[in-house]
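**Student:** The residues making up each chain are set out below.
Protein chains: 2
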Amino acid sequence: MGKTKNIQSVERAMQILELFEQGNQEKSVKEIAEHLDLSKSTVFGLINTLNNLGYLRQNEENAKYSLGTRVLALGHAVSSANLLAQKAHPHLQKLSFDYQETCLLAVEENGFVVYIDKTESPGSISINTRIGTKKELFCTGVGKCFLAFLPPQTANNIIGLGLRKVTPNTIATEHELAEELQTIHDKGYAVDREEYELGIRCVAAPIFNKQGEIIASLSLTGPAGRIQAIPLDRLAASLMETASAITRDMDI
Amino acid sequence: MGKTKNIQSVERAMQILELFEQGNQEKSVKEIAEHLDLSKSTVFGLINTLNNLGYLRQNEENAKYSLGTRVLALGHAVSSANLLAQKAHPHLQKLSFDYQETCLLAVEENGFVVYIDKTESPGSISINTRIGTKKELFCTGVGKCFLAFLPPQTANNIIGLGLRKVTPNTIATEHELAEELQTIHDKGYAVDREEYELGIRCVAAPIFNKQGEIIASLSLTGPAGRIQAIPLDRLAASLMETASAITRDMDI
DNA sequence: GAATGGCGTTCAACATTATCGGATGAAGTG
DNA sequence: CACTTCATCCGATAATGTTGAACGCCATTC
Numbered sequence: 082m083g084k085t086k087n088i089q090s091v092e093r094a095m096q097i098l099e100l101f102e103q104g105n106q107e108k109s110v111k112e113i114a115e116h117l118d119l120s121k122s123t124v125f126g127l128i129n130t131l132n133n134l135g136y137l138r139q140n141e142e143n144a145k146y147s148l149g150t151r152v153l154a155l156g157h158a159v160s161s162a163n164l165l166a167q168k169a170h171p172h173l174q175k176l177s178f179d180y181q182e183t184c185l186l187a188v189e190e191n192g193f194v195v196y197i198d199k200t201e202s203p204g205s206i207s208i209n210t211r212i213g214t215k216k217e218l219f220c221t222g223v224g225k226c227f228l229a230f231l232p233p234q235t236a237n238n239i240i241g242l243g244l245r246k247v248t249p250n251t252i253a254t255e256h257e258l259a260e261e262l263q264t265i266h267d268k269g270y271a272v273d274r275e276e277y278e279l280g281i282r283c284v285a286a287p288i289f290n291k292q293g294e295i296i297a298s299l300s301l302t303g304p305a306g307r308i309q310a311i312p313l314d315r316l317a318a319s320l321m322e323t324a325s326a327i328t329r330d331m332d333i
Numbered sequence: 082m083g084k085t086k087n088i089q090s091v092e093r094a095m096q097i098l099e100l101f102e103q104g105n106q107e108k109s110v111k112e113i114a115e116h117l118d119l120s121k122s123t124v125f126g127l128i129n130t131l132n133n134l135g136y137l138r139q140n141e142e143n144a145k146y147s148l149g150t151r152v153l154a155l156g157h158a159v160s161s162a163n164l165l166a167q168k169a170h171p172h173l174q175k176l177s178f179d180y181q182e183t184c185l186l187a188v189e190e191n192g193f194v195v196y197i198d199k200t201e202s203p204g205s206i207s208i209n210t211r212i213g214t215k216k217e218l219f220c221t222g223v224g225k226c227f228l229a230f231l232p233p234q235t236a237n238n239i240i241g242l243g244l245r246k247v248t249p250n251t252i253a254t255e256h257e258l259a260e261e262l263q264t265i266h267d268k269g270y271a272v273d274r275e276e277y278e279l280g281i282r283c284v285a286a287p288i289f290n291k292q293g294e295i296i297a298s299l300s301l302t303g304p305a306g307r308i309q310a311i312p313l314d315r316l317a318a319s320l321m322e323t324a325s326a327i328t329r330d331m332d333i
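Chains as they are written, first to last, in my numbering: chain A, 82 to 333; chain B, 82 to 333.
There could be a bad hint or two in this list.
Pairs involving identical chains hold if they fit within one copy or between any two copies, as the list cannot separate such chains.
[Claimed, not checked] Below, a list of computed lysine-lysine pairs in the DSS-like style, where the Cα atoms sit at most 30 angstroms apart: (1) Lys86 with Lys215; (2) Lys108 with Lys291; (3) Lys108 with Lys168; (4) Lys86 with Lys108; (5) Lys168 with Lys145; (6) Lys175 with Lys86; (7) Lys216 with Lys108; (8) Lys145 with Lys108; (9) Lys268 with Lys216; (10) Lys216 with Lys86; (11) Lys145 with Lys291; (12) Lys216 with Lys145; (13) Lys291 with Lys111; (14) Lys121 with Lys86; (15) Lys216 with Lys291; (16) Lys215 with Lys246.
For the record, the hints were derived by calculation from the structure and aren't laboratory data.
Please work from the sequences and hints to get the whole structure.
**Tutor:** Right under this line is the structure:
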């Protein structure tokens with residue numbers, strides 16, 4: 082695999098773009114230079130290039146920079162090529178609307194879950210899970226779905242990467258986790274009891290392809306109190322129903 | 082403005098990412114090297130960097146590359162910071178659903194319209210307008226909305242950039258365009274009569290802020306025959322109603 | 001099963017290229 | 001009007017990216 086050294090200027094350019102990931106607030110050349118601990122002129126060269134290419138845009142008023150519309154095209158290219166994200170979106174939207182909470186869609190990648198879509202409703206509080214975020218499997222609802230439905234060998238390899246307490250509630254021993262996964266496998270859905278973040282609870286269900294292999298997982302996520310107020314069996318049924326509707330829609 | 086030379090490796094890295102914009106099909110190192118007319122090793126260095134950073138991902142089976150999930154995060158950062166895209170999305174979704182056609186949202190940027198969101202419905206044919214695409218104003222429905230509702234001075238500056246026949250139907254003289262813009266201003270919506278692409282027709286309406294300034298434009302777009310089959314006054318009313326609902330939702 | 005060809009990857013030498021400190025000038029502040 | 005702050009520009013320097021050649025893996029062929 083890639084052991085060759087990364088190309089410095091490319092890595093730095095991407096670091097600059099990533100600085101805008103949380104919030105996309107305007108930033109000055111100076112601020113960025115300080116964040117990356119680089120000289121102003123170096124940063125200016127990079128920023129200027131990104132600006133010329135449309136990946137950053139400069140506010141004429143204060144000369145500060147923020148993400149440009151060009152990055153939209155890239156983001157959209159991934160999701161539109163991704164049949165899953167495309168077909169699943171309306172279903173997530175409906176769930177968000179029905180329960181007035183945030184709905185997340187995730188896939189597994191190299192032992193991590195990656196969130197690839199998210200829908201919110203006006204009532205839902207903003208869950209700080211951003212699209213593209215990676216999380217470990219054992220401590221999230223969607224992640225545990227993967228562990229429960231992936232081929233046992235694959236799942237064990239991932240579990241072998243290590244468990245740890247993320248919150249006091251995290252299931253951090255292999256024994257307890259095995260029991261939990263058995264339960265999830267039996268019931269067909271997973272519950273995250275504030276195992277990743279205190280106060281945040283979610284219920285998740287696996288999405289399969291026609292061959293019965295898990296390809297994604299979706300969850301309804303929100304403040305613990307509000308999620309617990311929803312009858313669990315009803316919510317779980319909705320999620321599993323939605324999951325199979327997505328499978329049907331995708332036709333793979 | 083940016084007159085300094087672009088940083089070569091950054092520009093090339095972005096060119097590589099852009100190769101995947103249409104379709105995001107897997108590409109080999111060799112293919113990319115040929116496309117960009119660079120040596121295999123140069124391309125490998127760039128690709129490897131992007132791969133390590135998560136912007137590309139390699140298919141283990143055939144060693145080919147495609148866009149990685151990391152770019153999702155960037156794309157989402159723009160839209161989520163963008164109150165407009167966030168608030169407008171459910172409304173576009175509803176329009177798409179009601180009329181079973183593609184719905185587009187666009188803003189103006191440096192004399193071009195940039196599409197920042199798109200919703201489709203199962204029935205809608207896939208319009209080849211990708212998110213992040215730029216188009217000239219005079220030849221599109223959403224663009225003409227901007228020309229009609231932007232301050233006259235701004236609009237004239239943009240018109241001054243030049244008109245040209247994109248299709249036989251394109252309005253390519255200043256005189257005719259002025260008449261058309263007057264009509265649009267009076268009626269409150271614009272019709273694109275296959276002026277950008279033969280066979281594709283759209284109806285567009287402006288989105289204003291509370292101060293009455295145009296900040297975006299939305300359209301329902303589809304095959305000419307199907308769009309013409311919808312009663313124009315009803316469709317236009319839907320679009321204008323949606324536009325003002327978005328204004329209300331944004332509260333700016 | 002040896003031979004061939006194709007392709008991703010690595011390497012080391014070289015020269016291009018990115019980097020940096022310092023200079024410039026515009027905008028804002030007391 | 002001096003003074004600060006910051007974006008932008010410039011030129012010297014050396015670090016960095018580029019390149020062709022070579023390696024090794026895999027698949028196909030004979």
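**Student:** State whether the alpha carbon distance between Lys216 and Lys145 is at most 30 angstroms within one copy, between copies, both, or neither.
**Tutor:** between (32 angstroms within a copy, 25 angstroms between copies)
**Student:** Pop the pair Lys121 and Lys86 into one bin, within, between, both or neither, using alpha-carbon distances up to 30 angstroms.
**Tutor:** For Lys121 and Lys86, both the intra-copy (24 angstroms) and inter-copy (16 angstroms) Cα distances are at most 30 angstroms.
**Student:** How would you label the pair Lys108, Lys168 (within, between, both, or neither) given a Cα cut-off of 30 angstroms?
**Tutor:** This pair counts as between: shortest inter-copy Cα distance 24 angstroms, intra-copy 36 angstroms.
**Student:** Which holds for Lys215 with Lys246 at a C-alpha limit of 30 angstroms: within a copy, between copies, both or neither?
**Tutor:** within (17 angstroms within a copy, 48 angstroms between copies)
**Student:** At most 30 angstroms between C-alpha atoms: does Lys216 with Lys86 qualify within a copy, between copies, both, or neither?
**Tutor:** The answer is within: 26 angstroms in one copy meets 30 angstroms, while 39 angstroms across copies does not.
**Student:** State whether the alpha carbon distance between Lys268 and Lys216 is at most 30 angstroms within one copy, between copies, both, or neither.
**Tutor:** Within one copy only: 23 angstroms inside a chain, 51 angstroms across chains, cut-off 30 angstroms.
**Student:** Can you give me the call for Lys108 and Lys291, within, between, both or neither, at a CA distance of at most 30 angstroms?
**Tutor:** between (47 angstroms within a copy, 27 angstroms between copies)
**Student:** From the Cα coordinates, with 30 angstroms as the cut-off, is the pair Lys145 and Lys291 best called within, between, both, or neither?
**Tutor:** between (50 angstroms within a copy, 26 angstroms between copies)
**Student:** Between copies, within a copy, both or neither: which fits Lys168 and Lys145 at Cα up to 30 angstroms?
**Tutor:** between (38 angstroms within a copy, 25 angstroms between copies)
**Student:** How would you label the pair Lys86, Lys108 (within, between, both, or neither) given a Cα cut-off of 30 angstroms?
**Tutor:** both (29 angstroms within a copy, 22 angstroms between copies)
**Student:** Please work out whether the CA atoms of Lys216 and Lys291 approach to 30 angstroms or closer within one copy, between two copies, in both situations, or in neither?
**Tutor:** Cα proximity of Lys216 and Lys291: one copy only (27 angstroms, versus 41 angstroms across).
**Student:** Quick one: Lys291 to Lys111, C-alpha cut-off 30 angstroms, is that within a copy, between copies, both, or neither?
**Tutor:** neither (53 angstroms within a copy, 34 angstroms between copies)
The structure is inconsistent with the numbered hints 6, 13, although it conforms to all the rest.
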